[in-house]
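J.: Given the coordinates of chain A, work out where chains B, C and D should sit on it, guided by the hints.
There are 4 protein chains.
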Amino acid sequence: MKALVVKPGSKGVYLKDIDLITENKIKVKTLYNGICGTDREIVNNKLPFVRPENGEYLILGHEALGQVIDAPENSKFKLGDFVAPMVRRPGNCMLCKIGRQDYCIDGNFAEAGIRGKDGFMREYFYEDENFLIPVEKEIGELGALIEPTKNVMKMVEVFQSLKNRIIWDCDDSTLNCKGAWIFGTGSEGVLSSLVFKSIGFNVTIVNRHPLPENVLKILDKNGLKFFDSSSKNWKEALEENPMDLAIDAAGSADIFIQVIDHINYNGIVILFGTSGTGSISDGSFITKIVDKNLSIAGVEDGSKKNYIDAAKFLFEYGSKYSINDIITSRIKPEETWIFNEKPKDEIKTIIDWNL
Amino acid sequence: MKALVVKPGSKGVYLKDIDLITENKIKVKTLYNGICGTDREIVNNKLPFVRPENGEYLILGHEALGQVIDAPENSKFKLGDFVAPMVRRPGNCMLCKIGRQDYCIDGNFAEAGIRGKDGFMREYFYEDENFLIPVEKEIGELGALIEPTKNVMKMVEVFQSLKNRIIWDCDDSTLNCKGAWIFGTGSEGVLSSLVFKSIGFNVTIVNRHPLPENVLKILDKNGLKFFDSSSKNWKEALEENPMDLAIDAAGSADIFIQVIDHINYNGIVILFGTSGTGSISDGSFITKIVDKNLSIAGVEDGSKKNYIDAAKFLFEYGSKYSINDIITSRIKPEETWIFNEKPKDEIKTIIDWNL
Amino acid sequence: MKALVVKPGSKGVYLKDIDLITENKIKVKTLYNGICGTDREIVNNKLPFVRPENGEYLILGHEALGQVIDAPENSKFKLGDFVAPMVRRPGNCMLCKIGRQDYCIDGNFAEAGIRGKDGFMREYFYEDENFLIPVEKEIGELGALIEPTKNVMKMVEVFQSLKNRIIWDCDDSTLNCKGAWIFGTGSEGVLSSLVFKSIGFNVTIVNRHPLPENVLKILDKNGLKFFDSSSKNWKEALEENPMDLAIDAAGSADIFIQVIDHINYNGIVILFGTSGTGSISDGSFITKIVDKNLSIAGVEDGSKKNYIDAAKFLFEYGSKYSINDIITSRIKPEETWIFNEKPKDEIKTIIDWNL
Amino acid sequence: MKALVVKPGSKGVYLKDIDLITENKIKVKTLYNGICGTDREIVNNKLPFVRPENGEYLILGHEALGQVIDAPENSKFKLGDFVAPMVRRPGNCMLCKIGRQDYCIDGNFAEAGIRGKDGFMREYFYEDENFLIPVEKEIGELGALIEPTKNVMKMVEVFQSLKNRIIWDCDDSTLNCKGAWIFGTGSEGVLSSLVFKSIGFNVTIVNRHPLPENVLKILDKNGLKFFDSSSKNWKEALEENPMDLAIDAAGSADIFIQVIDHINYNGIVILFGTSGTGSISDGSFITKIVDKNLSIAGVEDGSKKNYIDAAKFLFEYGSKYSINDIITSRIKPEETWIFNEKPKDEIKTIIDWNL
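Chains as they are written, first to last, in the numbering used here: chain A, 132 to 486; chain B, 132 to 486; chain C, 132 to 486; chain D, 132 to 486.
The following block holds chain A by itself, in its conformation from the complex (with noise of 0.2 Å):
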C-alpha cells in the first residue's frame, strides 16, 4: 500500500509502497488526512523529539478518518463504520492507567505519526478497538478535523475546571454577559471560535492583520467579531465585547502580554499555541496577573471523552456553523508540495484518498 512517510533527522516527505502487515485488530481504509503546521514541521525536521516506530521511516500523519473494513469477531465496530484514530498512545505513568495521555506526568507516551508510532496517511491501517472514536457517517469529510477539535475540547473542560477557581458565570447563570477572545485565524483558532460560541460566550477573533476573504466570510456567518490588533483600538474593541476569557492559539509572548494587559479581573488565559517567539521587556506584566486574581492554563492534546465531543460537536454544529468552509483546499496523496508550501488563504487542507 501507498503511504506517506518521512526519515526522522532528515527533511523530505515521500509516498512509498510499504507492507501492512496483518494484526489481530480492525483493519481501517483512511478516507481524509488532515495537514497541520506540525506535519510541515516534521517535513522540514524541525522537530526534535520526532522518532520512528521501527526502522528508519515513521509514516506522516495524525489526523484521520477512516473506514472499518475488517474487524475481529466481539468487536465493537462492525464493516463500514466510520473511525477517527486516537493520536497519543498511554504510557504507564498512573495518569495514563486512567485514561488521561494527554496529561501524562512521565512523557512515555507514543503519538501517531509523531514519535514512536506510525502514523495515519496512508491506504490502510490496523488499530486497536480503544484507541478508535465511532464517527456518524454523516460527517463525511468534516471528520478529518475530529483530531484538532478535541484539543478544542480540552480547553473547554479546563474552563469549566479553573471557573471553579470562584463563582464566574453572569448573575442569570448564563455566559451571556462574558467575551471570549481568541488569538489566532487558523483552523484551530477558527474551531476554537465556534466552540466557545456555541458553550454562550459573545466572540471576538483577533489577528495582527486583516483577514482573507474566506475567513471573514465564516465569522461573518457565524457572528463571530473580528478585532485586527494592529489597529491598536484595543479600547473601542473591549467596549464591543469584553475579555473574560482569552484563547491563544498562536504562542507569542507579544500576545501573551496583551492579554494579561486587556483582560478582565478573574479572567481566565487557556494557552495553546506553541510558536514560542517574541519577548517581554518588563517583569509588570505578573504585577497584573496577581492583581487581577488571572488563571492560566496549558492545554496539550486531549482525551477519548475530548475525541468524542468533538465528533458531537462537528457533527451537530456542521451545517449550522458551516463548518465545511473551514476546509479549503482537497490534494491527493501524491501532491507532497502540499507540506512545503501553504496555499493562499489555508485554513485547513486535506488528503482525500479516493480522488
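Treat the hints with caution; some may be incorrect.
If several chains are the same, the list does not tell them apart, and a pair holds so long as it fits within one copy or across any two.
Unchecked claim - Here are the computed lysine-lysine pairs in the PhoX-like style, where the Cα-Cα straight-line distance is at most 20 Å:
{"id": "1", "residue 1": "K160", "residue 2": "K463"}
{"id": "2", "residue 1": "K138", "residue 2": "K248"}
{"id": "3", "residue 1": "K268", "residue 2": "K451"}
{"id": "4", "residue 1": "K328", "residue 2": "K207"}
{"id": "5", "residue 1": "K268", "residue 2": "K328"}
{"id": "6", "residue 1": "K207", "residue 2": "K356"}
For the record, the hints were derived by calculation from the structure and aren't laboratory data.
T.: Just chains B, C and D, lined up with the frame of chain A:
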C-alpha cells in the same frame, strides 16, 4: 489619640495626635501592627493608588491585632476579646456581595491603610463587627501575622481548586510524593513554606543568595530545605525535592522563567509577589506551559474565611513550628525610621503599642 | 384575549376572555403550551401552594413557546423571534441574586402558572426580556418541551458536580463503561434517557409494567434498553447494563429501594419525581448507602443556563433522536377535558394556539 | 506473643499465644487499641463477612497506635516512631490503584481485624511502611482515636465536594451562619461534632434521650449544643441553630426522616451509621429531597490522606477540646469481658498494652 499618618501624594510618615469620633460599633484598642513592604512603599510615595478616607491624611496600617474595649449591646464580641480587622471592604459587584471582595470585579473596594479607608496604626479604632476576626488570646503577638497569613490561606484555597483539573494527589491519596517550592524568604515566603508543609508537601524554599542565620534556623527547625539558586545546581535540588507546586513571593520575571523551566508536568504555579522586575528574552516559555499542561494563578488578598483559617493556623502551629522566630524586631510607634530602613536580618518587624 | 384560568382553592379550568394590559416589555404571542402533571393537579385542586398573581384567578401554564410580536427599542429581541419564558422568578435570597432561583433558600419566589404569577396558556403575554430564552425557529413544536427539558439539564449539571467526589469516569476517560437507569417512562423519563444517552451513557429505562407501542418505538429507534421491573429479572438486566447512575422520575419509595439495592459502588442517584407514594419497611437501605459510598441528590427546577442548554439539545438532537415522537397529541385551547383525562398512550400533549 | 483472636463463624474472643513470623517490614509494638461496635459485633458473630487471613482464627482489632521497634534499612521510619496502621488494603480496581480503596468498586479489598487480614490487638505486628501513618509522640493515647477520626475526615472531604454543587457559604465567605447537626452521641458522634466545629460550623448534637454527665461535660466545655429529640421541641432547637448539614452516626430510618423533615433548602446529609433499624411509612420524604435540592452521601472508610488529617486534628485540637475526655476506660488485654459488656457511660474504651 496617637496615629501614624501619611499624606498621599508625598513622602513621609508622622506620629500625629488625632481625634477619634465615637461610632456605634466595636471599639478596639490596638495591640500590635505588622509592618510590610506595602507600608514602606506608601511612606515613600511609590504606590499611585493610595488615597485618604477623609481630608488629606491617611492613617497607615493594614496588619493589626487588637482587643475589644467597648461594644454595643447584642454584639458578637465582648470586652477583652482579641480581634484582627479585615483590610479590604466590599463594593457593590456580585463577588463583593457574596463576601468575596478579594475577587472584586470592578475595583470599587476600599482597603484600610491603603486606599480610601483609614488604617490601624493608631491607639484605638471603631469597627463594624462583621469585619473583625475573633482570635484566641493565647495567640499573643503572632496575631500580628494574621493579615499576611490570610494571603497564604487563599493560596491554599486556590491550589485546592486548581488541582481539581486532573487527578493530582499521589497514588496513596496523599501529597507525600509532591514537592512545593517557595521563591522568596521574606515573611510571606517563610509563612507560605510552613503552611504548605502543614498540608503535606515536602518544601524547598529558594533565594538567589545565602540566607542569614535566623532564617536558616527556622528552616532547619521545621525540616524545610533551602536552595540557593545562584548556585545553579537545579538538578541536584530537584532530585532532592521535585517541583510540583511553585509559589512565587517575589514577582520577578526571572524567577517566573526558572519556575516554568523546572516544574513538573501538570505543575501548579501560584503568583503573589509584585516586584515587577526582570524581563523574558524568549517566548518559548509559553511552549513549556502548554507542553506540561501547567496551571498558573495570580492570588490577590483573601476572604474572611481565609482570615479565620490564618488565625487557626497561627494558633495551632505557633509553638510546633516556633513561628515567633519570624518576628525579628518589636518597636514603639514613635520609631518611624522603621519605614525607611529595613533592619538587617529582618523577617518581620511589629509595632507593639504597649512598649 | 382568551386564557385558560383556574381559581386556586377550587377545582376546574375555564377558557375565559380577559384583558391584556400593555407593559413596556416584550409582547409574545403564544404558539404552543405543554401540559404536564402539575397542570392537572392544579386543575384538580391538589396542590396547596397554588396562588393567583392578582384577584382570584390564576392563568394556567408554565410550559410554552412563543413568538415576539412587539418589543421596546433597544431590546435584545426583534419581531418574529421565537422565545421560551422561564417559570420561576427570583426573590431576594443570595442564590436568587446570582441567578440561581432554582436553589432559592427561603421559598420566596414566584412561579408562572403555579404560584403568584400568571402563566402562559393564553393568546399573548408581556414579559421581561431577561426571562425569555432565545430559541431557533427551526425547533418548531419541540420548543414546547424546553421547560421540562431544562429540569433534565439541571440533572446533568448536578451529576457533573456529584461525580467530582471521586474519579468516576471509565479508565479510558469516557462514560462508555457506565450505565444510567431511568425510572419512569413519561415525557420527563424519556427526555432524561435521551439526554443522558447523548452525554455517553448506556441507558436502560424502567417501568413496572410493559410499555405501549409508541414508547417502545422511541426506545428502539434510539438504542435505549427497556426493563420491565415487574419481571424481577434484575440480575439479567444489570448484566446487560450496569447501574452507575439512577434517575428517578417517579418519586415512590419502592423504586428508591430498588435503586439503592441494585446500584453499583460510588453510584449516583438523582431524584426529581414527586409522587410521594410507597413505604420502606426496613432501615437497612441506609447501611447500603453507606457501604457503597452512594451520592443522592434531589433536583428541583433549573436555571436560565439550563433552559438554554435544553433549547440547544432539542434543536441539535431533535431529528437525530426523532424527539417529535414524544408529542403524542396536539389539541386546541378550548379542549379543556384534557386536564381531567389523560389520553391513552400519552407521552406529551401540547396545546397548539394555531389550531 | 499474646493476641486477641476470634474464630469467624462462631461467637467468642480469646487471648491466645501465637507466633509472630519475621517479615522484611516495619516491626511495631502495639501501645493502644480502640474498641468499637464492629469489634463487639465480630465477637458476637453478627457480621457475615468476617473471614480469617490464614487458618481458622482472625486476630481482632482495627484501631491501633503503635511504636516502631525494628525497621529495614532505608525505611521512612526509625526506632521509636509512633505509627497508626491503616485498616483497609487495596485490591486491583482503578480506585484502589490510585490510593482510594475506601471507594473500592468491586469489594475485593481486605480489612485488618475484620476480613481477610489479621488485626492489631496483639503485642507486635509487621507492617508495610506504606500502610503506617506517622504520628507525633505527644499525641499519647489519643492516637487510638486516629482510625475512627479518619472516617470523620472523609466526611469533611465529602462535604467539601458536595457543597460545590452551588454557592453554599454564607455571604461573608465563612460558615458562621451555618448549623451542623450530629445525630448520635457515641465516640464517632462526639468526634464528628468537634471536627465540624473546628471547620466553622455551629454544632448541635442530638440523641433521643438525655445524656450522661460525662458526655454533657464535653459538649459544655466545647460550646456544642445538645438537643434531646424525644422532647420534640424541634422548632425551638432549629431557631437556636439551623440545620444546613446533618451527619447521621446512627443509621436508623427514623432519624433519616427527622433530618429530611427539618433540614434547610440545599442541605447536605452525610450518612455513616449502619444500625439498619427503623422504617418509613410514607414516600413523601422523596418529595422533600427534591423540593429542597438536598444532597445525601453515604461515607464508608477513609483514605491515607484522611488518616493523616485525623492524626493532625487529634494532635492540634487534643488539649483545646479536651479530647481525652472521650476515652472513658482503659483496660488490659486480658479483660475480654469488654467485648460483651459495654461499660456504663462508655464513650470510648481503649486497651492499654502497658497496663
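J.: Determine for every hint whether it applies to the structure shown.
T.: Verification of the supplied hints:
For a Cα distance limit of 20 Å, the shortest separation of K160 from K463 inside one copy, 15 Å, qualifies, whereas the shortest one across copies, 54 Å, does not. With identical chains, the CA atoms of K138 and K248 are at most 20 Å apart within one copy only, with a shortest distance of 13 Å there and 57 Å across copies. Taking the shortest Cα distances, K268 and K451 sit within 20 Å of each other both inside one copy (17 Å) and across copies (13 Å). Taking the shortest alpha-carbon separations for K328 and K207, only the inter-copy value of 17 Å comes in at or below 20 Å, while the best intra-copy value is 34 Å.
Taking CA atoms no more than 20 Å apart as the test, K268 paired with K328 passes between copies only; the shortest distance there is 19 Å, against 25 Å inside one copy. Taking the shortest Cα distances, K207 and K356 sit within 20 Å of each other only across copies (17 Å), while inside one copy they are farther apart (43 Å).
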